[in-house]
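Enquirer: Residue numbers (my numbering), protein chains in the order written: chain A, 11 to 123; chain B, 13 to 125.
Worth flagging that the hints you see were computed from the coordinates, not collected in a lab.
Note that the coordinates shown come from a computational prediction; the quantities given were computed from them, not determined experimentally.
All C-beta atoms in this analysis are idealised placements derived from N, C-alpha and C, irrespective of residue type, glycine included.
A few of these clues could be false.
As the list claims (entries may be wrong) - Not everything, but these chain A residues come out facing chain B in the computed CB check (under 7 Å): (1) 50; (2) 73; (3) 78; (4) 80.
Stated by the list, open to error - Chain B is nowhere near these chain A residues, computed Cβ spacing over 10 Å in every case: (5) 16; (6) 19; (7) 27; (8) 68; (9) 72; (10) 88; (11) 91.
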Amino acid sequence: GENVEQHPSTLSVQEGDSAVIKCTYSDSASNYFPWYKQELGKRPQLIIDIRSNVGEKKDQRIAVTLNKTAKHFSLHITETQPEDSAVYFCAASSQEAGTALIFGKGTTLSVSS
Amino acid sequence: EAQVTQNPRYLITVTGKKLTVTCSQNMNHEYMSWYRQDPGLGLRQIYYSMNVEVTDKGDVPEGYKVSRKEKRNFPLILESPSPNQTSLYFCASKGLAVPETQYFGPGTRLLVL
Numbered sequence: 011g012e013n014v015e016q017h018p019s020t021l022s023v024q025e026g027d028s029a030v031i032k033c034t035y036s037d038s039a040s041n042y043f044p045w046y047k048q049e050l051g052k053r054p055q056l057i058i059d060i061r062s063n064v065g066e067k068k069d070q071r072i073a074v075t076l077n078k079t080a081k082h083f084s085l086h087i088t089e090t091q092p093e094d095s096a097v098y099f100c101a102a103s104s105q106e107a108g109t110a111l112i113f114g115k116g117t118t119l120s121v122s123s
Numbered sequence: 013e014a015q016v017t018q019n020p021r022y023l024i025t026v027t028g029k030k031l032t033v034t035c036s037q038n039m040n041h042e043y044m045s046w047y048r049q050d051p052g053l054g055l056r057q058i059y060y061s062m063n064v065e066v067t068d069k070g071d072v073p074e075g076y077k078v079s080r081k082e083k084r085n086f087p088l089i090l091e092s093p094s095p096n097q098t099s100l101y102f103c104a105s106k107g108l109a110v111p112e113t114q115y116f117g118p119g120t121r122l123l124v125l
């Protein structure tokens with residue numbers, strides 16, 4: 011089955027810096043890669059996703075890149091702000107209907123001002 | 013408002029006392045699942061259901077039961093809770109359209125003494 015590895019487990023940056031979180035996956039059939047943000051005490055919420063026919067996707071300060079050959083994808087946050095502090099989870103699934111999302115173990119991002 | 017709800021949000025119980033955590037969604041989603049979240053281990057799937065009367069084990073099903081008698085509800089049952097089931101539990105749902113965003117409930121924090 012699918013296995014998703016996520017690094018780093020913790021990341022501390024200064025406000026305004028960029029943050030990068032990387033994930034690798036094992037199942038070459040996976041082709042949907044969402045990222046979730048979980049603020050303290052809250053539920054995980056989707057912030058961006060990418061499908062395998064796209065190499066990069068941007069949404070304001072957030073971007074995700076995908077390298078299918080190397081089986082890795084990354085989340086990039088530019089101009090970080092204190093409100094970006096949260097736990098970020100990557101996930102992977104195949105496009106088959108009803109396939110479970112397999113999550114990485116999460117990255118705790120701390121943005122200090 | 014489209015949402016996934018869980019009850020209770022917080023629960024303290026004792027070893028062996030049966031409990032049920034309810035989950036309901038109003039988005040007419042076919043797919044529902046339960047996760048537990050533990051520090052350093054990320055989100056691990058307990059059980060999932062692809063439709064009414066169709067359930068299957070996830071990665072960590074031991075000690076849990078589920079049922080799916082109605083499309084909107086997917087309760088999680090702990091028939092004899094043990095301290096190692098102390099955790100934060102999330103219900104989630106998504107449609108079967110490919111791929112489909114997964115939505116999480118607010119979480120249930122369970123402490124088993």
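Enquirer: Closer than 7 Å between Cβ atoms is the bar; does residue 50 of chain A clear it against chain B? Give me holds or violated.
Expert: With a closest approach of 12 Å, the residue 50 of chain A hint is violated.
Enquirer: Just checking, residue 27 of chain A versus chain B, shortest CB gap more than 10 Å?
Expert: 25 Å, holds
Enquirer: With 10 Å as the threshold, tell me whether residue 88 of chain A passes as away from chain B on beta-carbon distances.
Expert: 24 Å, holds
Enquirer: Quick one, is the residue 80 of chain A hint okay against chain B at 7 Å, beta carbons?
Expert: 21 Å, violated
Enquirer: Compute the least Cβ-Cβ separation between residue 68 of chain A and chain B, then decide whether it is above 10 Å.
Expert: Residue 68 of chain A is indeed farther than 10 Å from all Cβ atoms of chain B, at 18 Å.
Enquirer: Is it correct that the beta-carbon of residue 72 of chain A has no partner in chain B closer than or equal to 10 Å?
Expert: Residue 72 of chain A clear of chain B: closest Cβ-Cβ about 16 Å, beyond 10 Å.
Enquirer: Can the hint on residue 73 of chain A be confirmed by a CB-to-CB distance to chain B that is less than 7 Å?
Expert: 19 Å, violated
Enquirer: Please verify that the nearest CB of chain B lies beyond 10 Å from residue 16 of chain A's CB.
Expert: 8 Å, violated
Enquirer: With 7 Å as the cut and Cβ atoms as the points, is residue 78 of chain A at the interface with chain B?
Expert: 15 Å, violated
Enquirer: Does residue 91 of chain A sit more than 10 Å from chain B, CB to CB?
Expert: At about 23 Å from chain B, residue 91 of chain A clears the 10 Å cut-off, so the statement holds.
Enquirer: Over 10 Å from every CB of chain B: does residue 19 of chain A meet that, or does the non-interface label fail?
Expert: 8 Å, violated
Hint violations for this structure: numbers 1, 2, 3, 4, 5 and 6, all remaining hints satisfied.
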